[in-house]
Amino acid sequence: MYGNAYIDPNEKAAGILAGEDMQKLAEFEARIARGEKIEPKDWMPREYRKQLIRMIEQHAHSEIIGALPEGTWITRAPGFKRKLALMAKVQDEVGHGQLLYSAAETLGKSREAMINDLITGKSKYSNVFNYPAFTWADACVIAWLIDAGAIINQVANAKGSYGPYCRALDRICTEESFHLKYGHDNVVTLATGTPVQRKMVQEALSRWWPPIMHFFGPSDKISNHTEILMRWKVKMATNDDMRQQFLNMYVPKIWDLGLTVPDAKLSKNEETGKWEYTEPDWDEFKRVINGDGPCNAERLAVRRNAEERGRWVREALNTSESKYMVPFA
Amino acid sequence: MIKSLDPRVTRAEIELDNAIEPLKEMDQWETFEVFHQKRRGDQHMHVGIVHAPNAEMAILFAKEQYGRRGLSVNIWVVKTRDVFTTDYDDSDIFETVPEKQYREAGGYKVMDKINKYKKSVKA
Ligand SMILES: [Fe+2]
Ligand SMILES: [Fe+2]
Numbered sequence: 001m002y003g004n005a006y007i008d009p010n011e012k013a014a015g016i017l018a019g020e021d022m023q024k025l026a027e028f029e030a031r032i033a034r035g036e037k038i039e040p041k042d043w044m045p046r047e048y049r050k051q052l053i054r055m056i057e058q059h060a061h062s063e064i065i066g067a068l069p070e071g072t073w074i075t076r077a078p079g080f081k082r083k084l085a086l087m088a089k090v091q092d093e094v095g096h097g098q099l100l101y102s103a104a105e106t107l108g109k110s111r112e113a114m115i116n117d118l119i120t121g122k123s124k125y126s127n128v129f130n131y132p133a134f135t136w137a138d139a140c141v142i143a144w145l146i147d148a149g150a151i152i153n154q155v156a157n158a159k160g161s162y163g164p165y166c167r168a169l170d171r172i173c174t175e176e177s178f179h180l181k182y183g184h185d186n187v188v189t190l191a192t193g194t195p196v197q198r199k200m201v202q203e204a205l206s207r208w209w210p211p212i213m214h215f216f217g218p219s220d221k222i223s224n225h226t227e228i229l230m231r232w233k234v235k236m237a238t239n240d241d242m243r244q245q246f247l248n249m250y251v252p253k254i255w256d257l258g259l260t261v262p263d264a265k266l267s268k269n270e271e272t273g274k275w276e277y278t279e280p281d282w283d284e285f286k287r288v289i290n291g292d293g294p295c296n297a298e299r300l301a302v303r304r305n306a307e308e309r310g311r312w313v314r315e316a317l318n319t320s321e322s323k324y325m326v327p328f329a
Numbered sequence: 001m002i003k004s005l006d007p008r009v010t011r012a013e014i015e016l017d018n019a020i021e022p023l024k025e026m027d028q029w030e031t032f033e034v035f036h037q038k039r040r041g042d043q044h045m046h047v048g049i050v051h052a053p054n055a056e057m058a059i060l061f062a063k064e065q066y067g068r069r070g071l072s073v074n075i076w077v078v079k080t081r082d083v084f085t086t087d088y089d090d091s092d093i094f095e096t097v098p099e100k101q102y103r104e105a106g107g108y109k110v111m112d113k114i115n116k117y118k119k120s121v122k123a
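Protein chains in written order, with our numbering: chain A, 1 to 329; chain B, 1 to 123.
One chain only, chain A, in its complex shape (with noise of 0.2 Å):
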């Protein structure tokens, strides 16, 4: 997802299996347990589909949304190559959109549907696209240490249960290690470069720090729920696992490169393997979620002018004898 998927802490644990077939959820549980995959029309609880939805969603969101501030930059990279790559890098982010509607409409929910509840702002999407890519040094730092964050979360997830989800992002994961390169080696190139570049590069750094911390949200409580959630192979790790070992692989590869993390408690804690940090502002991230963060209402704008502007084609395309079915995977 770019990002774990936003669930309400305040949400009851209790009544989540009320009313299902205990047999069934029992074979459900042991398929799982066997490490096979759950297929689209197998039987499954209501909370597994709920949840799966709400995630991949998410995730789908993400992706297209996120394509928004890495895009600011299509037009000023700077040179062919760089204009290329970037181009070819948003096309994937959108592409992976694509894939993960698809692997969120088999559980019963439509892609138009789906829209609906990302532009009307009913729908979350990862909370670190609301904020802006100032300048060329910021759509490095997203391409480089975003997608980085990005592939933790979907590596762990591509070992989830639901199969369409897992088969998308067996292809996503596989297009990420070219975005992760490619974002890296731009990084290398600006932190290499003149004072100028050092000094843009940091200043990117410092900035996408915050939202880099709150990627993974907030500590997950342990609670009744997201044990399910666990062994039913929906959640994968705890966000605060996903966080250790993001800083785990990446602190070390900025702090090569000389360059600063804008938080003087940042170390690793030899004995225990941990790293230690201040804690995120987790009121921000709260209030930039639910809507006040500084490009929220520009991102929404920009997909409803798309959605609007590209209808007339849509309709136009469209014939009678069009029928939809779900898809089978």
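Source of the hints: derived by calculation from the structure; they are not laboratory data. Backbone N, C-alpha and C define an ideal beta-carbon position, used for all residues, glycine too. Fair warning: there could be bad hints in the mix.
A short, non-exhaustive set of chain A residues, derived as facing chain B with CB atoms under 7 Å [as the list claims (entries may be wrong)]:
{"#": "1", "residue": "ASP42"}
{"#": "2", "residue": "THR72"}
{"#": "3", "residue": "VAL94"}
{"#": "4", "residue": "GLY95"}
{"#": "5", "residue": "ARG111"}
{"#": "6", "residue": "GLU112"}
{"#": "7", "residue": "ILE115"}
{"#": "8", "residue": "PRO132"}
{"#": "9", "residue": "PRO262"}
{"#": "10", "residue": "GLU298"}
{"#": "11", "residue": "ALA301"}
{"#": "12", "residue": "GLU308"}
{"#": "13", "residue": "SER322"}
Since the structure of chain A is provided, determine the placement of chain B with the ligands on it from the hints.
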């Protein structure tokens, strides 16, 4: 009108407050299943779906979605609603297949017999 960091957005002259009618059913068309062949001689493989208003557009979208990297020589598309499938609930119809060793090369082991025969002839 949005004044954006993105010159493309500014040029598009978008109102911030631009509520629109919700997308109607079928706005995103129906789906086609996509089969992709990497090189001549390979099997076509099912790779996923595209939404499209007709087969020609489905091919176009399939090329963008599944053929933009690596090797490709051929793509097929077929409407999802034209595909017939078995049910996972009926997958027991395949259950005894792996037992049918008489259909497998590995079900035929002759060396023991040959060696025994050779030994007996020599003796
Ligand atoms: Fe992506
Ligand atoms: Fe990416």
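Results of checking the hints against the structure:
1. ASP42: 6 Å, holds
2. THR72: 4 Å, holds
3. VAL94: 9 Å, violated
4. GLY95: This hint holds: GLY95/A lies near chain B, its Cβ roughly 6 Å from the closest one there, short of 7 Å.
5. ARG111: At 4 Å from the nearest chain B Cβ, ARG111/A passes the 7 Å test, so the hint holds.
6. GLU112: 4 Å, holds
7. ILE115: 6 Å, holds
8. PRO132: 5 Å, holds
9. PRO262: Since the shortest Cβ distance to chain B is 22 Å, the answer is violated.
10. GLU298: 6 Å, holds
11. ALA301: 5 Å, holds
12. GLU308: With a closest approach of 5 Å, the GLU308/A hint holds.
13. SER322: 5 Å, holds
The structure does not agree with the numbered hints 3, 9 stated previously, though it agrees with the rest.
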